[in-house]
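Asks: Using the sequences and the accompanying hints, generate a full structural model.
Each number in our numbering corresponds to the 1-based position in the sequence shown with 931 added.
None of these hints come from the bench; they were simulated from the model. Here the structure is a predicted model, which is why all the values come from computation and not from measurement. Some clues are possibly wrong.
Claimed, not checked - Computed cross-link-like contacts, SDA-like style, restricted to lysine to any residue with a CA-CA straight-line distance of at most 20 Å:
id, residue 1, residue 2
1, 1009, 956
2, 1009, 1050
3, 1022, 1050
4, 1009, 1055
5, 1073, 1017
6, 1009, 1025
As the list claims (entries may be wrong) - Here are the in silico distance ranges between beta carbons for each label pair:
id, residue 1, residue 2, range
7, 974, 1007, 38 to 46 Å
8, 1050, 963, 55 to 63 Å
9, 975, 935, 54 to 62 Å
Here a beta-carbon is modelled for each residue, glycine too, at the ideal position from N, C-alpha and C.
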Amino acid sequence: MDPSVLDDMMNHINDESEEEEEEEEEEEEEEEEEEEDDDQEAEAEAEVQEAELEADREEDDDKMEEDEPNVPETLEQKSTAKRFRDLYMTKVTQAFGTDLDIIRQEPNLSGPRLNILIDSLEAGIDIFSPLEQEIILADEEK
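Replies: What follows is the structure in structure tokens.
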């Protein structure tokens, strides 16, 4: 075999090998770019989701502000609220006296736990509007 033919074949093989390597490098670069694009898309999507969550939180905060119990504004409303609280707590302690007595006798019922119990019992007051409180007080006074 002629050495020049052999050289040509070797050069051809080397050229093909180099072309394959270049193609592989290009494919790797394209894959890296696609991964970067995917990462950027994921980051953008995460930012959108974060913005949506923040908007939902703000909306929930606004709703919570709207849902806050009616805070008495006048002295008469404060008086009604206090009278209703006293009546409500009296009715609750009468209705659940035996249960409350059992709870009261527990050794773990310390100051903070007692405060939680009282706050929990008072939480039921919030379901009554100021008008309902006035009606209940007026009915009770009859």
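Asks: If a hint holds in the structure, say so; if it doesn't, say that too.
Replies: Here is how each hint holds up against the structure:
1. 1009 / 956: violated (78 Å)
2. 1009 / 1050: holds (18 Å)
3. 1022 / 1050: holds (15 Å)
4. 1009 / 1055: Holds, at roughly 17 Å.
5. 1073 / 1017: Holds - the C-alpha atoms of residue 1017 and residue 1073 are around 17 Å apart, at most 20 Å.
6. 1009 / 1025: Violated, at about 24 Å.
7. 974 / 1007: 38 to 46 Å: violated (57 Å)
8. 1050 / 963: 55 to 63 Å: At 58 Å between Cβs, range holds.
9. 975 / 935: 54 to 62 Å: Holds: the Cβ-Cβ distance is about 59 Å, inside 54 to 62 Å.
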